[in-house]
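Enquirer: Listed in order, the protein sequences are those of chains P and U. Numbering of the first sequence is given in the working numbering, commencing with residue 243 and proceeding in unit increments. Numbering of the second sequence is given in the working numbering, commencing with residue 435 and proceeding in unit increments.
The hints are simulated quantities; they were obtained by calculation from the structure and are not laboratory data. Hints are not guaranteed to be accurate.
With a cut-off of at most 20 Å between alpha-carbon atoms, the simulated SDA-like pairs for lysine to any residue come out as follows [what the hints assert, rightly or not]:
#1 595/U with 349/P
#2 559/P with 617/U
#3 559/P with 638/U
#4 595/U with 384/P
#5 634/U with 594/P
#6 559/P with 635/U
Going by beta-carbon spacing under 8 Å, a handful of chain U positions derived as facing chain P [said to hold, decoys possible]:
#7 487
#8 491
#9 541
#10 545
#11 588
#12 620
#13 635
#14 636
Where a beta carbon is used, it is the ideal one built from N, C-alpha and C, also for glycine.
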Amino acid sequence: MRPKLELLDRALIERILGEAFQLIEDPGVRVAPYVFDLLQSAGVTIENGIAHIPEPLARSLLDLAPRGFCLYDRRGAPAVRYAGDDVHFDPGSSCLNILDAETQQARPAVSADLVRMVQVTEMLPQFAAQSTAMVCSDVPQEIGDWYRLLLVLWYSEKPVITGAFSADSLHTLLELLTIESGGRDALRRQPRAVFDVCPSPPLNWSEFASHNLVDLARAGVPAEIVSMPLAGATAPVTLAGSITQHAAECISGIVIHQLAGPGAPIVWGGAPAIFDMRSGKTPMGAIETAMLDIGCAEVGKHLGLPTHSYLVAGDGKQIDAQVGQESGISAVLGALAGINMISGAGMLDFLACHSIEKLIIDAEAIASAQRMVEGIEPQTQSLAVAMFAQTGLRGDFLKLKETRALFRKEQHFPSHVVDRGQSNACPGILERARQRVSELLSGYDRNPMPSEQEQEISAFAERESKKSGLEGSPGIFHSEYAREPGLI
Amino acid sequence: MSADLLLAMRQSIIDGAPDMATALAQQAIVDGIAPLEAINHGYVLGMHDVGEQFAHGRMFLPDMMASAEAMRAGMAVLDPELKRCGEVRPMAGTVVLGTTKGDIHEIGKTLVGTMLTAHGFCVHDLGVDISSEKFVDKARELNADIIGVSALLTTTMRNQKGVVETLEKSGLRSQVKVIVGGAPVTRRWADEIGADGYAKDAMSAVELARALMEQKIQGRAVEPA
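Looking at chain P on its own, in the form it has when it is part of the complex (with noise of 0.2 Å):
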């Protein structure tokens, strides 16, 4: 049996809906002129920018919405099933510092962070899929979000859960996927990457989230609608409350992109957090936001769509005790409650920074949520009986056969970040991080891609660069990011 984390009974779910259509459409959900003719044309009335959405229309394209899709890898293998109860991990997203690997204090991010992240990320099981985890202050803001996502495909294999800065910039990056898919089609038919886009709460598409909507559908590539009501300041106060809106902006935001682009795959998804009354702060490590992602993913379950969530991240500003418990506790409860992409892993400080070494530490605790999910099962016809018979009350169970057979099965092994009583080991699990890391970038080994392909994505780069009014390109193999020679 697999366990099974859920925090509403069907009762509640279904009255979370039905006050979730009530509002989007009465009092309706603001959006951008972007999309007035397309909600027209469907019937909904749209008055002063607000839309007022018809719960037949709503259930119709809700309908639509595929119930599951997979993202490639870049040899074409489906990699993130986005399904029923698989669960993914992929480390947060557009983080604008890092907690320095020496210091251990927060400065703002480089693009040669992005890529060891990148790097370390690529060599950890744990994690299912890449992100555009940092924003590069090192690079100019017109073409960093191209940029990292470009860093990423580079020296990753894996997908990535991405976004756009604007609305312009959404079709750069389409671009660029486009050519590391092989064409448009290709780029449909096997989409490597997902689009985070996130509404204003409270029940606001944005024109710059209206657009991304919109233009995903058309393309046919993924988008995943991150809604975060802040229980108490930006939504209702109560758990219920808040999840009520969530789904209330989800719903609106599928009505939107799947008129744009029916069928075209969509996430429930979803960064709520309770507001925290004392600080005004927005605690990712608060048990409350943990009910919120899990409440708000069971809704979206409910409806038979592919969920995402942020979790795993704590609120602390240093590698301690807190923010582990934080991110550990997040890890196994986001897991069990069958969430397809877990977000957030590596991020402290209210996800104001990132940290490698903290991305090494949440590894471990989401290899622990993975084998919790496996639960437990009998795997022997006898459970003890038999291997009792063998050994009487003697109790030497390690010289069975059965013990040698299935202990790996049933025992999670982690890495030496984790101290089982090693002789050699680190006494604290700061260094022992420091030491993974650096036992995995040394382990690194960057697979090329096609070199048609790697020229094209460097004249892409090139050429973008030129369009931001920079002489060139900033580096892609730059020395200090690996063990390669400069190519632009």
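Chain U: place on chain P using the hints.
Expert: Relative to the frame of chain P, chain U by itself:
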């Protein structure tokens, strides 16, 4: 009798009771209590109590919002009376506040505005998605002491720099302090863009604004909160 009324006014702020604050302000006028006395010995003391209880974790942001609302209600009655008497309530400073261009998040900025108002600042809240020019124009119009620029997104925090630059171009930089805040904003960022201070939350914003006003008055260096 006047002492009881002032105590009740103070309590109406602590209770976050705008209707009560309004009624008591009207009563003060009827009783002939000077509006400045009612403000300073009634409502302001209530706000001080609230600030202190908030700092000690005994009151929370919703309590603070309700208290600020009660303060506004009381002031709405007493302000016209002040004007009629030809009196001016001394303000801690004038602040122009808003969320930067391209950003529509307002909760943090609104909290800062509430706290600054509660602590005696005259706050002009421009709202969200505000261009650098609007910040500067309003600061010029009001002869403001401080511009506060909020940003919640990594993509829009860069526009905070534009406010500093526009202020410099306008020739007002030496007269107007710029403070920045928002989830992705750090002190380092504030230093990098040449802002005068960074506040991590609404209470720190009050401390920072007070320190900057002191600096402005006394012309001495200040360590940002």
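Enquirer: None of the hints should be skipped; say for each whether it holds.
Expert: Now the hints, each set against the structure:
no., hint, verdict
1, 595/U with 349/P, "holds, 18 Å"
2, 559/P with 617/U, "holds, 14 Å"
3, 559/P with 638/U, "holds, 18 Å"
4, 595/U with 384/P, "holds, 15 Å"
5, 634/U with 594/P, "holds, 12 Å"
6, 559/P with 635/U, "holds, 16 Å"
7, 487, "violated, 11 Å"
8, 491, "holds, 6 Å"
9, 541, "holds, 5 Å"
10, 545, "holds, 5 Å"
11, 588, "holds, 5 Å"
12, 620, "holds, 7 Å"
13, 635, "holds, 5 Å"
14, 636, "holds, 6 Å"
In summary, the structure is inconsistent with hint 7 from the numbered list given earlier, while agreeing with all the others.
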